[in-house]
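Number of protein chains: 4
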Amino acid sequence: MTNESSAQPNSDNNLRKSFRAVGHLVDSGIMKEILDTIIREDGKFSIDRFDIGKTNDDQSVLEATYTAENATTRDAIARHLIDLGVEIDVEHSVKVEISPADGVAPKDFYTTTNHKTTITYNGHTIQVDNVRMDGAIVVYGKDTATKAKCVKQRDLKSGDKIVVGVEGIRVEAEFVERDRSEFGFMTGDVSSERVVRIVVDSVAEVMSDRTKKIVVVAGPVLIHTGGSGSFGRLVEQGYVHGLLSGNALAVHDIENQLFGTSLGIDTKTGEAIDGGNSHHLRAINEVRRAGSIKNMVEAGLLNRGVMSSIVKANVPYALAGSIRDDGPLPETITDMNEAQTAYGKILEGADVCLMLASMLHSIAVGNMIPARVLTVCVDINPPVVTKLKDRGSHQAIGVVTDVGLFLHLLANRLCT
Amino acid sequence: MTNESSAQPNSDNNLRKSFRAVGHLVDSGIMKEILDTIIREDGKFSIDRFDIGKTNDDQSVLEATYTAENATTRDAIARHLIDLGVEIDVEHSVKVEISPADGVAPKDFYTTTNHKTTITYNGHTIQVDNVRMDGAIVVYGKDTATKAKCVKQRDLKSGDKIVVGVEGIRVEAEFVERDRSEFGFMTGDVSSERVVRIVVDSVAEVMSDRTKKIVVVAGPVLIHTGGSGSFGRLVEQGYVHGLLSGNALAVHDIENQLFGTSLGIDTKTGEAIDGGNSHHLRAINEVRRAGSIKNMVEAGLLNRGVMSSIVKANVPYALAGSIRDDGPLPETITDMNEAQTAYGKILEGADVCLMLASMLHSIAVGNMIPARVLTVCVDINPPVVTKLKDRGSHQAIGVVTDVGLFLHLLANRLCT
Amino acid sequence: MTNESSAQPNSDNNLRKSFRAVGHLVDSGIMKEILDTIIREDGKFSIDRFDIGKTNDDQSVLEATYTAENATTRDAIARHLIDLGVEIDVEHSVKVEISPADGVAPKDFYTTTNHKTTITYNGHTIQVDNVRMDGAIVVYGKDTATKAKCVKQRDLKSGDKIVVGVEGIRVEAEFVERDRSEFGFMTGDVSSERVVRIVVDSVAEVMSDRTKKIVVVAGPVLIHTGGSGSFGRLVEQGYVHGLLSGNALAVHDIENQLFGTSLGIDTKTGEAIDGGNSHHLRAINEVRRAGSIKNMVEAGLLNRGVMSSIVKANVPYALAGSIRDDGPLPETITDMNEAQTAYGKILEGADVCLMLASMLHSIAVGNMIPARVLTVCVDINPPVVTKLKDRGSHQAIGVVTDVGLFLHLLANRLCT
Amino acid sequence: MTNESSAQPNSDNNLRKSFRAVGHLVDSGIMKEILDTIIREDGKFSIDRFDIGKTNDDQSVLEATYTAENATTRDAIARHLIDLGVEIDVEHSVKVEISPADGVAPKDFYTTTNHKTTITYNGHTIQVDNVRMDGAIVVYGKDTATKAKCVKQRDLKSGDKIVVGVEGIRVEAEFVERDRSEFGFMTGDVSSERVVRIVVDSVAEVMSDRTKKIVVVAGPVLIHTGGSGSFGRLVEQGYVHGLLSGNALAVHDIENQLFGTSLGIDTKTGEAIDGGNSHHLRAINEVRRAGSIKNMVEAGLLNRGVMSSIVKANVPYALAGSIRDDGPLPETITDMNEAQTAYGKILEGADVCLMLASMLHSIAVGNMIPARVLTVCVDINPPVVTKLKDRGSHQAIGVVTDVGLFLHLLANRLCT
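Keeping their order, the protein sequence lines are chains A, B, C and D.
In case it helps, this note's numbering puts the first sequence at residues 8 to 423.
In case it helps, this note's numbering puts the second sequence at residues 8 to 423.
In case it helps, this note's numbering puts the third sequence at residues 8 to 423.
In case it helps, this note's numbering puts the fourth sequence at residues 8 to 423.
These are computed hints drawn from the structure, not numbers from a lab.
Some hints here could point you the wrong way.
[Unchecked claim] Listed below are the simulated DSS-like cross-link pairs for lysine-lysine, each with C-alpha atoms no more than 30 Å apart in a straight line:
#, chain 1, residue 1, chain 2, residue 2
1, A, 394, C, 123
2, D, 51, A, 301
3, A, 301, D, 168
4, C, 123, B, 168
5, A, 396, C, 123
6, A, 39, C, 51
7, B, 396, D, 301
8, D, 301, A, 168
9, B, 319, C, 114
10, B, 301, C, 164
11, A, 39, C, 123
12, A, 61, C, 164
13, B, 123, D, 39
14, C, 396, A, 39
15, B, 51, D, 168
16, C, 396, A, 396
17, A, 39, C, 114
18, B, 39, D, 164
19, C, 301, B, 114
20, B, 396, C, 394
21, C, 39, A, 123
22, C, 114, B, 394
23, D, 394, A, 114
24, B, 394, C, 39
25, B, 39, D, 154
26, D, 51, B, 39
27, B, 301, C, 114
[Unchecked claim] Under 8 Å between C-beta atoms, here's a sample of chain C residues computed to sit facing chain B:
#, residue
28, 118
29, 134
30, 136
31, 137
32, 236
33, 285
34, 295
35, 328
For each residue, glycine too, the CB sits at the ideal point set by N, CA and C.
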């Protein structure tokens with residue numbers, strides 16, 4: 008195919024960019040997304056070469072050019088295309104600018120995705136460390152020892168060398184691809200009309216791989232729906248390697264163990280107890296008196312339930328505070344920057360992330376993890392996984408069902 | 008306590024009504040409802056006597072008077088109070104008027120509730136037969152052989168003697184009462200944060216009473232969520248005595264048995280199959296070819312699933328058509344008046360009604376059954392039971408969970 | 008590119024099919040869907056030629072081959088691909104078989120989509136008339152006068168010549184395409200976080216084209232949310248050319264006009280009136296007494312509201328019955344086959360379909376209309392448009408908002 | 008009526024309590040709640056006197072006794088009854104115990120409600136200051152200068168004198184009562200089938216009282232749904248006296264003003280822009296560069312939108328951080344204890360609280376405000392107000408609708 012000069016409305020070469028993409032472009036939807044992006048920004052494209060993978064195993068190769076109406080949209084298109092894994096000017100060196108103040112990036116800084124990223128810098132190709140969504144790339148070190156790392160905006164230091172613009176950046180987008188998922192049911196659908204037991208089997212299969220690091224994100228609904236015992240079994244038998252939650256999960260778990268209720272629901276009879284007993288406040292008071300959950304467990308004051316099993320099994324955990332908390336518990340991290348740091352530490356090296364009925368903490372974790380982490384989101388409300396995906400955690404799989412029953416079936420499948 | 012004359016703004020005795028109520032007026036909420044009704048219609052009340060039940064077993068007695076602003080609101084209040092079980096002028100004979108034409112009631116006809124109802128007529132007290140919501144009361148027969156029955160508006164005949172106005176009618180409202188339910192969990196709440204297994208135990212307990220007639224209302228979600236096998240076990244072991252549904256349940260059940268899919272979901276792998284196979288149309292075609300579901304079962308063409316187990320166990324069923332049906336199947340009743348009649352016949356004498364994920368059919372059945380029928384509504388969508396209650400089926404209990412899992416747990420509890 | 012023989016696991020030529028597709032294959036998502044279908048059915052594909060549209064206006068051309076594992080999956084793939092607009096053996100003549108009985112199709116009958124369809128028959132290319140979802144194609148007439156029409160399964164006659172298999176059929180799929188929609192906001196998204204006023208502007212723009220036939224499908228929520236007056240204005244000023252609904256809409260509209268309530272909600276104060284007044288039953292009784300809604304309007308007994316404005320403006324309407332109906336009204340069509348026919352007649356030639364808060368009737372209408380009808384579905388519940396799309400009405404656009412407010416804004420934009 | 012000795016199963020006088028309640032016990036539902044509480048805890052009651060209010064304006068008087076099975080349930084019942092406004096041993100002096108450590112209450116501490124509370128202490132009746140939900144009562148000062156205040160658990164100091172047990176406490180529960188609401192539509196219902204315009208009129212009426220302090224709690228949906236302009240008008244014309252929100256509202260507002268998008272939705276066209284532009288990160292960066300939102304406004308860099316209008320009108324605001332925040336903005340309070348304090352300060356003296364589409368912040372505020380604050384919760388999701396009520400904010404009224412449209416209608420009603 009020849010280049011079609013008639014497709015370029017603008018002779019200004021500055022508004023024109025050549026680009027290249029390799030991969031399963033059609034079945035991942037990237038091909039469509041590339042072209043849609045250009046059109047949405049009122050650009051035009053001209054395809055020079057598109058060698059489609061002839062069979063399902065072959066990759067496709069795209070070579071094309073787009074023309075934008077002005078420099079702003081030219082760069083907006085480039086930024087979006089790069090994040091899709093498209094190569095634009097990758098052989099150029101990245102431009103860097105100096106951070107003007109602590110916690111402030113240069114105006115045109117490149118914001119990272121949750122995909123593997125490399126940059127070209129002074130002729131070297133450097134992989135960016137600690138990649139996560141919505142960070143900046145800081146270049147440091149000298150000559151052949153030059154390195155690059157992804158840094159959260161607020162952790163930038165005055166004088167940091169920060170990647171700006173769109174040149175010299177290559178992203179390897181790991182999109183959900185047909186027939187390549189570790190989850191058998193991985194259709195990306197969010198449906199309440201799904202055969203939950205099939206999903207449980209598939210998740211159990213993945214979790215039974217003892218080399219995988221599994222982190223659970225959970226809300227207090229885990230306790231309300233009676234999932235506490237099943238979760239405890241999974242912890243005891245080594246299927247949970249980190250727990251991320253908020254103040255409420257621990258409070259209602261301990262309330263449940265001390266008083267048999269969980270925010271006013273009798274977890275034995277299911278009967279609603281409307282207010283009046285303040286059990287959750289008394290539970291908080293007992294932990295404050297003991298000094299910590301760990302102290303309570305060691306003193307024999309707390310013997311069962313989620314937190315007890317987590318403490319006994321030495322599973323690391325982080326409880327993030329929130330504006331609506333009662334108490335909070337002594338171990339709840341009230342500063343959100345510190346809480347994000349604590350979450351990040353437990354998430355290091357995670358392979359699987361099980362998100363159980365907590366939109367707030369699930370979105371927080373979605374922001375922090377690379378897209379390669381297998382992510383399953385269980386909630387009786389359909390919108391949770393949709394929100395996760397809208398915010399860039401495209402890898403998340405949604406299961407619409409009761410969390411207590413899900414854990415019951417999962418523990419029965421995995422535990423002896 | 009003395010009557011307070013100062014409370015009557017209007018000396019017109021015609022706008023004043025004495026009334027009396029006996030029962031668990033406080034814990035059923037009836038007392039509050041009575042007073043709220045009067046105030047909402049801009050009436051005034053004066054309480055002459057209120058003997059509250061001194062202990063939980065004692066009934067309360069209320070004797071009072073209300074005054075309305077005009078005859079219209081006087082009667083509106085009376086109608087509402089009577090439906091709550093309040094006695095107003097019960098010793099008077101009911102007034103009757105003659106139906107002016109087939110299917111037409113006199114203007115002021117009394118519309119029935121789903122509670123036990125008696126009328127006073129020529130000095131006799133007569134119990135109304137076939138009571139159901141939203142009917143008219145027809146009086147027939149002579150002297151001591153005079154009888155009364157509840158008749159749907161469209162079944163009235165020209166010349167029928169129909170009860171009008173508000174006098175001489177007594178309703179025995181069976182409202183949900185504290186501590187008197189056969190369901191242990193009967194709080195009337197609708198919550199997704201509930202311990203589903205407790206509910207299953209409670210429903211299983213009720214169903215295990217072999218003297219009870221149990222009718223199931225179900226939508227196609229039963230099939231999509233993999234509940235078919237568990238439901239079949241319940242049928243085989245005699246826990247289902249009637250099935251009310253629509254065209255879709257049978258179509259998707261048969262599609263599932265013949266092709267392994269249910270409206271485009273592979274019920275073995277849970278994978279979505281988007282269109283293209285038209286299995287549900289082919290399933291319909293096969294039933295049309297055989298002439299009926301029964302023929303298919305007898306010819307050995309359909310051996311498993313919901314409809315097969317129902318046919319083999321000789322459980323009566325009715326499939327009502329709807330405007331969105333494909334096909335329909337030969338046995339689907341396309342005329343809605345006939346379908347209502349068929350439903351009504353199967354519901355005769357029912358003690359328990361299990362409503363599984365079908366808002367349309369559940370509301371239809373709610374309209375037909377007396378309030379004394381134990382009614383459990385299982386749906387992953389919270390609004391279904393709310394709609395049922397809004398339409399007068401106050402006895403319905405809601406369980407928000409996955410229908411497939413619910414049946415799985417229920418069958419495991421009940422079946423050998 | 009050369010054909011890759013190594014990709015064919017099976018030398019049996021019977022399991023191999025060549026196919027061809029032309030159109031905006033990438034941006035419509037069809038290209039991805041074609042390849043996904045083959046892989047899902049465990050087939051293999053080999054692409055011989057893929058000329059991608061070099062600019063946004065150019066069409067793409069695909070020529071390829073797939074190989075299936077057996078004849079069943081070969082045909083399943085073909086069926087799905089054809090429905091996507093792919094050409095497979097289109098130059099062959101269609102095979103026809105004789106209908107074995109009234110209402111029964113041959114086993115392997117082709118089930119139609121809602122897209123424009125043509126067949127090759129004895130060397131002629133014939134366009135199929137009356138195309139709609141889920142029908143069969145009947146061939147009739149002789150030689151050059153041979154015609155083809157889409158017929159619902161139940162309307163087939165014994166002896167009809169019916170298209171079977173997959174050869175000789177061409178479908179022109181009108182998928183949602185980037186930048187080609189008449190609706191400015193047409194992203195296909197379903198979002199509650201959308202700027203409703205933008206959507207209203209866009210719908211108003213389409214409706215202001217006086218050459219378009221606009222049919223409204225509506226549920227009783229139109230009345231409950233106070234949309235009655237705005238809807239009346241749209242009718243009076245000629246923006247509504249057909250109304251499809253059920254018994255309830257008319258009942259609650261007339262109840263609202265006669266008594267100021269709509270199923271127990273005072274539509275002036277918004278106050279809930281719980282049962283007790285039976286206004287909807289009295290409204291039904293008044294219509295039954297008058298004989299019809301039309302009679303009531305002509306007798307001056309009904310002067311305002313949805314049904315009055317519809318009758319006065321001579322807008323055709325059809326009210327379909329349902330199993331949960333009270334009454335029903337004399338004009339409600341109780342037989343579902345007849346109701347579908349009545350709906351179909353009003354939908355003939357429709358260009359725009361506005362679906363207002365009625366899942367049941369919206370899905371019914373979605374089954375009946377060609378995909379080219381602009382379809383907007385307004386509902387406060389997000390799942391309605393999802394269900395529509397799941398059932399094949401891919402053209403439907405969802406707006407999640409209050410129907411009363413939507414109509415208020417729409418009437419203000421359109422009406423003088 | 009005489010005391011019925013037969014109702015007491017236990018002769019132990021310690022398990023028996025006399026109690027008294029005065030008020031609109033029936034129409035507020037308190038009477039039912041009192042009796043339900045006793046029965047749920049397996050207690051028995053005996054009513055000695057119940058003088059029901061003879062007319063709607065009269066209060067009722069209840070004098071009764073309950074007997075519990077053991078001391079634990081005796082006190083549990085007492086605690087619940089006291090919170091309903093029942094008087095039990097109010098003439099006794101409260102018991103106080105000394106706080107064992109900072110932030111720790113004695114085991115049996117009394118946990119406060121959001122209702123007006125008084126205690127009896129050494130023969131004096133003392134009103135508790137700063138009453139809020141879930142606090143402890145600290146008694147301080149000497150003799151006639153003795154005072155009592157409500158203190159959050161974590162703010163207790165070692166050595167504080169804290170009220171324990173159930174004696175000497177009187178709560179004046181301000182429950183929603185029939186016909187006494189300032190909101191005309193105040194049915195307590197949560198319905199999507201409601202006439203929103205009626206609600207708007209009612210809220211506007213309340214807000215037009217210029218003596219009222221009105222605090223708005225809002226989530227970023229306010230921006231996404233296009234409510235920014237209407238909200239700005241309300242601020243400018245003096246209808247907003249405090250704004251409580253999180254990081255996201257301010258980020259998306261500023262993103263919207265700087266870039267015309269709000270988390271990837273073009274707020275002019277409603278078109279979704281999926282990722283790739285990172286506008287929200289650039290917006291955060293600009294505020295960090297300026298140092299604060301105030302600096303941006305003063306420097307003329309931010310001229311319109313929610314935050315600009317708030318800053319210009321000198322309306323106090325607090326942005327609470329959360330674990331899922333990007334950034335955060337310099338003014339976002341990252342420590343949750345500090346954020347609660349900042350919220351509390353702005354809420355001091357509030358009369359009306361308008362909660363707009365933010366479950367997290369609405370529940371937080373619900374915990375902090377007395378029940379006398381008129382509270383309206385607008386959200387397109389029905390569960391939000393239910394959650395608020397479940398957590399004790401019984402006074403909250405729910406409106407299920409689009410926030411952008413709600414503000415549009417409200418500003419049109421209120422603003423010139």
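Legend entry - Restraint check, 8 Å cut-off on beta carbons, for residue 328/C near chain B: holds (4 Å)
Legend entry - Straight-line alpha-carbon gap residue 394/A to residue 123/C, limit 30 Å: violated (37 Å)
Inset, instruction - Starting from residue 51/B, check that the Cα of residue 168/D is at most 30 Å away, please. - result: violated (49 Å)
Legend entry - Restraint satisfaction for residue 236/C [CB to CB of chain B, less than 8 Å]: violated (24 Å)
Inset, instruction - Measure nothing beyond the straight line between the CA atoms of residue 114/C and residue 394/B; if it is 30 Å or shorter, mark the hint as holding. - result: Distance ~42 Å between residue 114/C and residue 394/B Cα, so the pair is violated.
Inset, instruction - Report holds or violated for the interface hint on residue 285/C, using the least CB-CB distance to chain B and a cut-off of 8 Å. - result: It holds, given that the least Cβ distance between residue 285/C and chain B is near 4 Å, below 8 Å.
Inset, instruction - Have a go at the residue 136/C hint: is there a Cβ in chain B nearer than 8 Å to its own Cβ? - result: Since chain B brings no Cβ nearer than about 20 Å to residue 136/C, farther than 8 Å, the hint is violated.
Legend entry - Given pair status - residue 168/A, residue 301/D, alpha carbons within 30 Å: holds (29 Å)
Inset, instruction - Starting from residue 319/B, check that the Cα of residue 114/C is at most 30 Å away, please. - result: holds (26 Å)
Legend entry - Hint consistency between residue 61/A and residue 164/C [alpha-carbon to alpha-carbon, up to 30 Å]: violated (46 Å)
Legend entry - 30 Å Cα cutoff - pair residue 39/A, residue 51/C: holds (22 Å)
Inset, instruction - Tell me if residue 118/C is really an interface residue toward chain B, meaning its C-beta lies closer than 8 Å to one of theirs. - result: holds (4 Å)
Hint compliance for this structure: hints 1, 2, 4, 5, 7, 12, 15, 17, 18, 22, 23, 24, 25, 29, 30, 31 and 32 are broken, all remaining hints hold.
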